[in-house]
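K.L.:
Residue strings, one per chain:
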Amino acid sequence: EPEVTQTPSHQVTQMGQEVILRCVPISNHLYFYWYRQILGQKVEFLVSFYNNEISEKSEIFDDQFSVERPDGSNFTLKIRSTKLEDSAMYFCASSNRMTVLLGYTFGSGTRLTVV
Amino acid sequence: TQLLEQSPQFLSIQEGENLTVYCNSSSVFSSLQWYRQEPGEGPVLLVTVVTGGEVKKLKRLTFQFGDARKDSSLHITAAQPGDTGLYLCAGPKAAGNKLTFGGGTRVLVKP
Chain A
1 EPEVTQTPSH
11 QVTQMGQEVI
21 LRCVPISNHL
31 YFYWYRQILG
41 QKVEFLVSFY
51 NNEISEKSEI
61 FDDQFSVERP
71 DGSNFTLKIR
81 STKLEDSAMY
91 FCASSNRMTV
101 LLGYTFGSGT
111 RLTVV
Chain B
1 TQLLEQSPQF
11 LSIQEGENLT
21 VYCNSSSVFS
31 SLQWYRQEPG
41 EGPVLLVTVV
51 TGGEVKKLKR
61 LTFQFGDARK
71 DSSLHITAAQ
81 PGDTGLYLCA
91 GPKAAGNKLT
101 FGGGTRVLVK
111 P
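Read top to bottom, the protein sequences are chains A and B. Numbering follows my numbering, with no gaps: position 100 of the first sequence is 100. Numbering follows my numbering, with no gaps: position 76 of the second sequence is 76.
I should point out that these hints are in silico values taken from the structure, not numbers from a laboratory. Be aware that one or more of the hints could be misleading.
To be verified - Straight-line Cα separation of at most 35 angstroms, DSBU-like style, residue types lysine-lysine; simulated pairs:
id	chain 1	residue 1	chain 2	residue 2
1	A	K57	B	K98
2	B	K56	A	K83
3	B	K59	A	K78
4	A	K83	B	K59
5	B	K56	A	K78
6	A	K57	B	K110
7	A	K42	B	K93
8	B	K57	A	K42
9	B	K57	A	K78
10	A	K83	B	K93
11	B	K93	A	K57
12	B	K98	B	K56
What the hints assert, rightly or not - With the C-beta cut set under 7 angstroms, the calculated list includes, among others, these residues of chain B facing chain A:
id	residue
13	R36
14	P39
15	P43
16	T51
17	E54
18	V55
19	T84
20	G85
21	F101
Computed from a prediction, not measured in an experiment: that's the story for all the values here. Beta carbons are placed, not taken as given, at the ideal position from N, Cα and C, and that holds for glycine.
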């Protein structure tokens, strides 16, 4: 069964450093998303991406965050200057239709720890 | 703001027992999805319910969407230790297709 692949599985970084989280969505999917889950809290939407541009973003997704699809397969989330409160599991997801009726396929996540 | 509230937050039962998890909102959702999440893993889609009153079965799991499309339930019959996990409901927000997630119900099935 097709999978969404995320790397690294765990990233530890110092406060103020830049991190790039990588995702390889399912190959025929066109819509890509980043969600995050702070320990013990709900899964929260960060951003959606379609046709090489952001289609929607949450209030969490401020100027410190950016997304990019640098080639035909990777989808990245960059945090420019990490803060302690950015520590969370970050999940990439993809779907092949704009509607969510078919549901998303999520990756296994990257655990980001900011120290 | 469309919120999804799940109850209970935690459920511990013996193997063979039945359980029901609830997902409620004061808002109407066009559809609701149920996911299961294992520790350290991403959510895995179980089912999507779309029509008010819809019932879907997935082996021992039965999913129901309320008539008014404001609530949903997940019922597990004869639970097994392999059913242990965090069960999440999620629905698309009114505008766009981003998902709002409930807080989850952590289910522990003891052998």
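K.L.:
A separate judgement is required for each hint: does it hold in the structure or not?
P.N.:
A quick look at each hint next to the structure:
no. : hint             : result
1   : A:K57 <-> B:K98  : 9 angstroms, holds
2   : B:K56 <-> A:K83  : 43 angstroms, violated
3   : B:K59 <-> A:K78  : 41 angstroms, violated
4   : A:K83 <-> B:K59  : 44 angstroms, violated
5   : B:K56 <-> A:K78  : 39 angstroms, violated
6   : A:K57 <-> B:K110 : 41 angstroms, violated
7   : A:K42 <-> B:K93  : 15 angstroms, holds
8   : B:K57 <-> A:K42  : 26 angstroms, holds
9   : B:K57 <-> A:K78  : 40 angstroms, violated
10  : A:K83 <-> B:K93  : 28 angstroms, holds
11  : B:K93 <-> A:K57  : 13 angstroms, holds
12  : B:K98 <-> B:K56  : 23 angstroms, holds
13  : R36              : 11 angstroms, violated
14  : P39              : 10 angstroms, violated
15  : P43              : 5 angstroms, holds
16  : T51              : 11 angstroms, violated
17  : E54              : 12 angstroms, violated
18  : V55              : 17 angstroms, violated
19  : T84              : 18 angstroms, violated
20  : G85              : 14 angstroms, violated
21  : F101             : 4 angstroms, holds
The structure shown violates the earlier hints numbered 2, 3, 4, 5, 6, 9, 13, 14, 16, 17, 18, 19 and 20.
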